[in-house]
Amino acid sequence: MPENEPELSSDEVRHVARLARLGITPEEVTRFRDQLRNILHAIEALNRADTSRVPATAHPLQERNVMRDDIRAPSLSVEAALRNAPSVEDGYFKVKAIQE
Amino acid sequence: MNLFSRSIRELHQMLVDHEISSVELTESVLGQIDAVGRQTHAYLAVTRDLALRQARDADDRIREGARVRPLTGIPIAIKDVLCVEDVPATAGSKILDGFIPPYNATVVERLAKEGAVFLGKTNCDEFAMGSSNENSGYRPVHNPWDLDRVPGGSSGGSAAAVASGEAIAALGSDTGGSIRQPAALTGTVGMKPTYGRVSRYGLIAFASSLDQVGPITRDVADCAILLQAIAGADARDSTSSPHPVPDYLDGLETGVHGMRIGVPKEYFVKGMEPAVEQAVRGALEVYQRLGATIEEVSLPHSDVALPAYYIIAPAEASSNLARYDGARYGVQAGGGHNVIEEYELTRQQGFGAEVKRRIMLGTYALSSGYYDAFYLKAQKVRTLIIEDFQRAFEKVDALLGATSPTVAFPLGAKTQDPVAMYLNDIITIPANLGNVCGISVPCGLADGLPIGLQIIAPGFREEVALRVARAFEAATDFNRARSALIGTAA
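Chains A and B are the protein sequences, given in the same order. In terms of our numbering, the first sequence has 65 at position 65, counting the first letter as 1, and numbering is strictly consecutive. In terms of our numbering, the second sequence has 138 at position 38, counting the first letter as 1, and numbering is strictly consecutive.
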């Protein structure tokens, strides 16, 4: 954790929410800011651990590729894959315009 | 004694002896759900028709005497984070309200092949994030031992169902304690297998390097039976392990004579209730009497496991939960002017507060400028925790401590303080980060509320954890205590 880092600001909370595509009300900004500050404060304990000699564990299993033969097999039908979609057109998911 | 309060093993015998039918058994359990379900809220959905159809099929199998397996005809509850084809799955989240999975989770498919009966989908904390079940997007679960208290979480519905007679056994999932902690708080047996032991295909992802599916049952033998049915490699989950699956009932009764059991001094954490500590110390005496050698060991990085977890799990969650965009499945808010606004509105309305907190925490930890200080640091701490366990298991066969530092707490007691809530998992989290397996078994009552004893064994040595747990269960009568809702019939 960065030492002497200023406390999480409301702007940072809004920025993070935007990165996460999470709509957020002004009240939520304040509430989450305070709660996240507390959580980050508790997490600062990480600095107590000396990690200078160890590599990171990204995944519990040994890094290795798991290969299988490339054999054709049935997969989910288009109909089944689209069954839960709120909006569908011509076998595609339909979304709002990405650019206006 | 009511059928709904018996064990898998007893009921299997009664089924194969034609003493009872699976339909009778299933009706007994469904009747108990009708009787107490409104008090516990253990289920989000009860699949009555499916259950009775499967029970009739099981009775056919038993009548023909062919393909009868230990779980044939046994009514089981499935945590709502697991997909059952054509049965709604919500993961306890409003954002998945109405979602109907088009396929089965591998564990579900394996239970179906065994001829098990699916009672329904159990309530849980939203996306399995929580330690009290109060983060369910629908309603909290109430503890069958005291309805004013939480059942633990996140598999609180599964644990409450087993404790109240609303299921014979259940599947849960454990990312930081979500099987063991609710098992402890409801007087049931719950096991988190080693990462890779059980397929995660069809498990709605929370933290992909930590999640594991596992059993919640009435006793250790049932836990072994259910684990047997779900363990093993799966071509559809490349992180499932090819490590051979032993026979978990074989050697279950061997006892602990001559075994070395380590007690991590760090697991007697600050804030542990005296009754919990007393119960664990009592368990140590039991093991000593049974011929095990008890020695104190140190897992020096235990104090940084919780902070490391609260970086790694939210980071992985923030990535996994990016898929909920309202475009392909689940609830779409509507009203956004463009696709980005639509995502933001959907996710604002669909996710609950704890899920939002963790998404933001994880996004923050992964964001530019903070990655090394948070995520990389936490992954290095994870290595230290793995090494702690490796060193300890050079000296001892299993580790022993409490599962939860407290017994079940009142509903609402910790909902305003996320950090206080996170502390519930302080002694369960290390096993998830450390790639080992753990089981919780009942080890006493404090003012009528269950206490859980946690036994941790090395990775892929579930049979060791089960054997140590069974020795304790066989030597004591803590397992016979039952919640008020199930009655004192046992």
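If you're looking for bench data, these hints aren't it; they were derived computationally from the structure. Small disclaimer: the values here were computed from a predicted structure and weren't measured. Mixed in with the good hints, there may be bad ones.
[Unchecked claim] Below are the DSSO-like pairs computed for lysine-lysine, each with C-alpha atoms no more than 27 Å apart in a straight line: (1) Lys365(B) <-> Lys194(B); (2) Lys480(B) <-> Lys370(B); (3) Lys194(B) <-> Lys514(B); (4) Lys194(B) <-> Lys370(B); (5) Lys94(A) <-> Lys194(B); (6) Lys365(B) <-> Lys96(A).
[Unchecked claim] Partial list, derived from the structure: chain A residues whose beta carbon lies under 7 Å from chain B: (7) Ser10; (8) Val16; (9) Asn38; (10) Ser75; (11) Leu76; (12) Ala80; (13) Asn84.
Quick reminder that beta carbons are idealized off the backbone N, C-alpha and C, glycines included.
Evaluation of the provided hints:
1. Lys365(B) <-> Lys194(B): Violated - the C-alpha atoms of Lys194(B) and Lys365(B) are around 42 Å apart, more than 27 Å.
2. Lys480(B) <-> Lys370(B): Holds - the C-alpha atoms of Lys370(B) and Lys480(B) are around 25 Å apart, at most 27 Å.
3. Lys194(B) <-> Lys514(B): Since the Cα atoms of Lys194(B) and Lys514(B) sit roughly 22 Å apart, the hinted pair holds (cutoff 27 Å).
4. Lys194(B) <-> Lys370(B): Measuring from Cα to Cα gives roughly 36 Å; hence the hint is violated.
5. Lys94(A) <-> Lys194(B): holds, 21 Å
6. Lys365(B) <-> Lys96(A): violated, 57 Å
7. Ser10: violated, 12 Å
8. Val16: holds, 5 Å
9. Asn38: holds, 5 Å
10. Ser75: With a minimum Cβ separation of about 10 Å from chain B (threshold 7 Å), the hint on Ser75(A) is violated.
11. Leu76: holds, 6 Å
12. Ala80: holds, 4 Å
13. Asn84: Hint on Asn84(A): holds, closest Cβ of chain B at ~4 Å, below 7 Å.
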